[in-house]
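Student: Going down the list, the protein sequences come from chains D, Z and L.
Following this note's numbering, the numbering of the first sequence begins with 1 at its first residue and continues without gaps.
Following this note's numbering, the numbering of the second sequence begins with 424 at its first residue and continues without gaps.
Following this note's numbering, the numbering of the third sequence begins with 787 at its first residue and continues without gaps.
Please keep in mind that the hints were generated in silico from the structure rather than gathered at the bench.
Possibly wrong hints are sitting among the right ones.
Straight-line C-alpha distance at most 27 Å; calculated DSSO-like pairs for lysine-lysine [to be verified]:
#  : chain 1 : residue 1 : chain 2 : residue 2
1  : Z       : 722       : Z       : 463
2  : Z       : 722       : D       : 372
3  : L       : 898       : L       : 856
4  : L       : 865       : L       : 906
5  : D       : 201       : Z       : 634
6  : L       : 1080      : L       : 1095
7  : Z       : 701       : D       : 372
8  : D       : 259       : Z       : 463
9  : D       : 106       : D       : 128
10 : L       : 819       : L       : 898
11 : L       : 1080      : L       : 1068
12 : L       : 811       : L       : 1095
13 : Z       : 701       : Z       : 634
14 : D       : 259       : Z       : 472
15 : L       : 865       : L       : 895
16 : D       : 145       : D       : 97
17 : L       : 1056      : L       : 1068
18 : D       : 106       : Z       : 722
19 : Z       : 610       : D       : 128
20 : Z       : 701       : Z       : 472
21 : L       : 1128      : L       : 1080
Chain D residues, not near chain L, derived (Cβ > 12 Å throughout) [as the list claims (entries may be wrong)]:
#  : residue
22 : 207
23 : 250
24 : 318
25 : 329
26 : 337
Here a beta-carbon is modelled for each residue, glycine too, at the ideal position from N, C-alpha and C.
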Amino acid sequence: MTDATQSGPMLAADGTPLKKSLARSLRRRKLRALALIAPLLLFVMLSFVIPIVSMLMRSVENGIVAETLPLTVVELQNWDAEGGELPDEALYAAFIKDMIVAVEAKTHTRLGTRLNYEQTGMSSMFRKSGRNIKRLDPEADAPFKEKLIEIHDGWGDVETWRTIKTHAVPITNGYFLNAVDMRRTPEGAQAQPEDKQILIKLFGRTLMMSLIITGACILLAYPVSYLLATLPMRVSNLLMILVLLPFWTSLLVRTSAWKVMLQQQGVINETLVWLGLVADDARLVIINNQFGTIIAMTHILLPFMILPMYSVMQTIPPSYTRAAKSMGATNWTTFWRIYFPQSIPGIGAGSILVFILAIGYYITPEIVGGTKGVFISNRIAYHISSSLNWGLAAALGTILLAVVLLLYWCYDKIVGIDNVKLG
Amino acid sequence: MKVTITTLMASALAAVAGGAMAQEMTIVSWGGAYSKSQLKAYHEPYSEKTGITILNDDSSNEAVAKLRAMNEAGNITWDVVDVVASDAIRLCDEGLAMEIDHDTMLEPAPDGSPASEDFGELIVSDCYIPSIVYSTTFGYRTDLVGDNPPTEICAVFDLETYPGKRSLEKRPINNMEWALLCDGVAKDDVYDVLATPEGQDQALAKLDTIKDSVVWWSAGADTPQLLADGEVVMGSTYNGRLFSVIEEQNQPVAMLWDAQVFDIDGWIIPAGLDEERKQRALDYLRFATDTQRLADQAKYISYGPARASSAPLVGQHAELGIDMAPHMPTDPENAKNTFLYNYEFWADYRDDIDAKFQAWLAQ
Amino acid sequence: MSNDAAFVEFQRVQKSYDGEVLVVKDLNLSMPKGEFLTMLGPSGSGKTTCLMMLAGFETATHGEIMLDGKPINNIPPHKRGIGMVFQNYALFPHMTVAENLSFPLEVRKMGKDQREEKVKRALDMVQMGAFGSRRPAQLSGGQQQRIALARALVFEPELVLMDEPLGALDKQLREHMQFEITRLAHELGITTVYVTHDQTEALTMSDRVAVFDDGRIQQLAPPDLLYEEPENSFVAQFIGENNTLEGVVKSIDGDSCVVVLDDGSEIDAKPVNVHKAGDRTKVSIRPERVEFNKDRLHADAHTLKATVKEFIYMGDVFRFRLSVAGNDDFIIKTRNAPDAVKLRPGQEVEIGWLAQDCRALDA
């Protein structure tokens, strides 16, 4: 009583304020907890946070122009890109100086590759010009304007310099613009020509098909999970092994197996023709299109739906359904009003898992997707390993990440993330 | 006592590790039958000669991306990498491959002419040592074309005479050239036309006529499988793959050599190796790219040796015992109408045309 | 309580889950309308299975179950119109209390106004009127219990089944709820089948108790009869505290007999299911019926020597543990009256009883 009525902060037995004393005793516990999770924290940092941050950086980072052509970039500030006039001799001289250094360091071809993403032809222009510029002397051979245009007539094209100027910024939005079918131009952001627009379409298709795959997984997984959760242990264990079996086979093998099943000379078509359900010359096209991707990915991702559903359904006591029935509810009403609402957390968890996995898939769509069943990830893979346009790949990846986070947020708003149970 | 043992063990481990390093090198290639032919023709004799263990890594299809990543991480684990010419050019452009002085680093031809002359114009990049010439060409099912087997490339676009599916690679390279060729563009003008947006549209419009009948492939093994399954009536792939379908698996498939596109496969050494590893890599390449060794590889796979001086030495298949010369893409009978992959053009136009091509595919 | 008036009736019901073991063996039971009947027994005795068969969640392997004169074996549970309270209440967690109560009315297609009125009345009945909008998780165990009860009663079933509904409550709350449940059951005139393994609960609440063991009803009787006149040694042991002594019947004389215990001493008993001299028997005597004040016994009554082992003070009663005829756990209880004698451990006494209080049962 006296403690509660005394004025000022509460004091511990030794006279230090109670709050301070509590904080001190908790600090040690916190430090110990931190030490325990330190390996995991470090691992997550190294394998997850740092790569994501580096991806984010790469999608905007564009230091290469200013680093390779420092003098040129300064000169370009004074040049009026809108005027339609070629730059003056000072800029050409600065450019030659930059290039001589760059050729020595062999960085000019790298810049050529970078600028070639923006304007076709830059790659060979830098490579070819490099060989000739190497022989020039920055003092003795001046003036350079004519000489350079002679080396490659691209240097006499205003567009070339406009492109360099446009992309001479150290932090660029160019990759992000490219990722949404736009481009960075001297006049600001503009739409890509129509015949090069594909990424928005692929984003849309990826989302759409991932949703369809998630839906298909829900429909197929629900009855299986229900059986798993309600059958006697012995039978359900066997069933569980069948569910997990695909996990033990390589993804590539499973996808290839679908190829054998679904192609026009494949098992399903052969069977249908043999049964006379399909004419020999009208075999079904069920692979190398969206249908093939949906089938194969639904099969591959099914366990990720079944497992969370099963673990949630397992916790629904049979007494709920019994109670409902004893109150006069039919089997359907019992399922729909009582069982189903309680299994929603499992559906939520499974859907998030499947959807996020699906949105980032590329091996299966690549193999069975043909032209209309490929995902945005296939373009990301292409830009990572074939075109080497890592900036664009990073921008696409960042957008994908943002879309996933956005959907997650929507899910939280609509369903509530507390309603997700993995077991 | 404990300290002594630990120290001993550490030094022993270091010795073992150091020893192992000195005796090993990692060679990157494509895997499958191609790696096997290299193993037989190069790796095994070289290991026997020097005692160096060769580790294989089948990563050539993503070599450029991986080398770039290794270079950024500052830890290059590969010693020698087998890549196609276009990748070699890109690696050289990016500074990821070492420049090669062909005349001093490689063996001369048996007649004494320097390596650069023996390889001739196949040296498409300063960083590149070519080893084979292969081609991308068509194979067709002999049992599905009736009495009228196709003899020229435009059969691919002729759905009336040759109904059924055909398989094409899921990228613009080669397909665009063939399309223009069959749309009346003269062979010499193909790349000039393809450099213009109108030309690109023309090629895509031609491809559009067969779009619904195309199965698009992305792995070299796809077309041979599709042919063997009877999924497609004809399809493009690497000539060595078709050789194995025809001669080794005895499938009813035949070659259509018309308008085959030559490409080169060969070696690069990653930039930034330490001196010891660099010398070891060079020593291996000096051995593996001499005239006899290049001719030896043709015993195992139907790709033509990159040295002019190797051609006369090409003999018979090591297991089938058939003459390999007629199966070489470079054989005069096969090489009546050929293309050479235009590296310069595609280095510039690849990104641009690929975007259009993919947009067209997705329509 | 003739068969004509039976509201619930089990006729020769058997149940087996695996086809090998019968968990319910030849069950016959009939209840009149309005009765509160408790099925009491240890776990595994078949009482819950009987309840589930009545509710329709299990089917009888053999025999007939009748409700209000009609066989219900083939009627699905939701058409039986039986209210049920479950062990863990089984309140639907995703619905509010009011929604839970409204559910059985909804499935009966009752109008909204009527539903609301009935829900309100049911909640008031269990004094939970203010909790309609809460979720079950926000209620205490006792409150959930009341809601479960209200939910089972809200649709006015004529028969209510309760499966150990008070098992999860603490003692005080449990006693309160026992009272509440019996009060409601009698006020509303509902027929109730109540399953429990708690004998106190069974004795305090029921009109009749069916003691289950080994798949059979061992005794079906009102609580007082069950306690005072157990028909076999299982019931005697199971209901209330009980002292058992074993021996052989020496002679039977109408309503009383003499039993020779295993140590040779003789006692008086009432023959219940012993029939002739020489039968082996377990005699059963309640602790409060044992007398150690010789003045209160018949002059010719047999007595036994006993040694006090322990004295336990329990407030309203004194409890003594004695060693009697080789049984060290012989209990005596006396009321804590002003003149009560307190025996001290070590003290030797003579004990005896009235013959009718000591029942000679099966061995």
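Student: Now look at each hint and say whether the structure bears it out.
Tutor: Tested hints:
{"no.": "1", "hint": "Z:722 to Z:463", "in the structure": "9 Å, holds"}
{"no.": "2", "hint": "Z:722 to D:372", "in the structure": "41 Å, violated"}
{"no.": "3", "hint": "L:898 to L:856", "in the structure": "32 Å, violated"}
{"no.": "4", "hint": "L:865 to L:906", "in the structure": "25 Å, holds"}
{"no.": "5", "hint": "D:201 to Z:634", "in the structure": "19 Å, holds"}
{"no.": "6", "hint": "L:1080 to L:1095", "in the structure": "20 Å, holds"}
{"no.": "7", "hint": "Z:701 to D:372", "in the structure": "46 Å, violated"}
{"no.": "8", "hint": "D:259 to Z:463", "in the structure": "33 Å, violated"}
{"no.": "9", "hint": "D:106 to D:128", "in the structure": "13 Å, holds"}
{"no.": "10", "hint": "L:819 to L:898", "in the structure": "31 Å, violated"}
{"no.": "11", "hint": "L:1080 to L:1068", "in the structure": "24 Å, holds"}
{"no.": "12", "hint": "L:811 to L:1095", "in the structure": "43 Å, violated"}
{"no.": "13", "hint": "Z:701 to Z:634", "in the structure": "48 Å, violated"}
{"no.": "14", "hint": "D:259 to Z:472", "in the structure": "45 Å, violated"}
{"no.": "15", "hint": "L:865 to L:895", "in the structure": "14 Å, holds"}
{"no.": "16", "hint": "D:145 to D:97", "in the structure": "13 Å, holds"}
{"no.": "17", "hint": "L:1056 to L:1068", "in the structure": "11 Å, holds"}
{"no.": "18", "hint": "D:106 to Z:722", "in the structure": "39 Å, violated"}
{"no.": "19", "hint": "Z:610 to D:128", "in the structure": "25 Å, holds"}
{"no.": "20", "hint": "Z:701 to Z:472", "in the structure": "19 Å, holds"}
{"no.": "21", "hint": "L:1128 to L:1080", "in the structure": "15 Å, holds"}
{"no.": "22", "hint": "207", "in the structure": "30 Å, holds"}
{"no.": "23", "hint": "250", "in the structure": "41 Å, holds"}
{"no.": "24", "hint": "318", "in the structure": "9 Å, violated"}
{"no.": "25", "hint": "329", "in the structure": "5 Å, violated"}
{"no.": "26", "hint": "337", "in the structure": "7 Å, violated"}
In the structure shown, a violation is registered for the earlier hints numbered 2, 3, 7, 8, 10, 12, 13, 14, 18, 24, 25 and 26, in ascending order.
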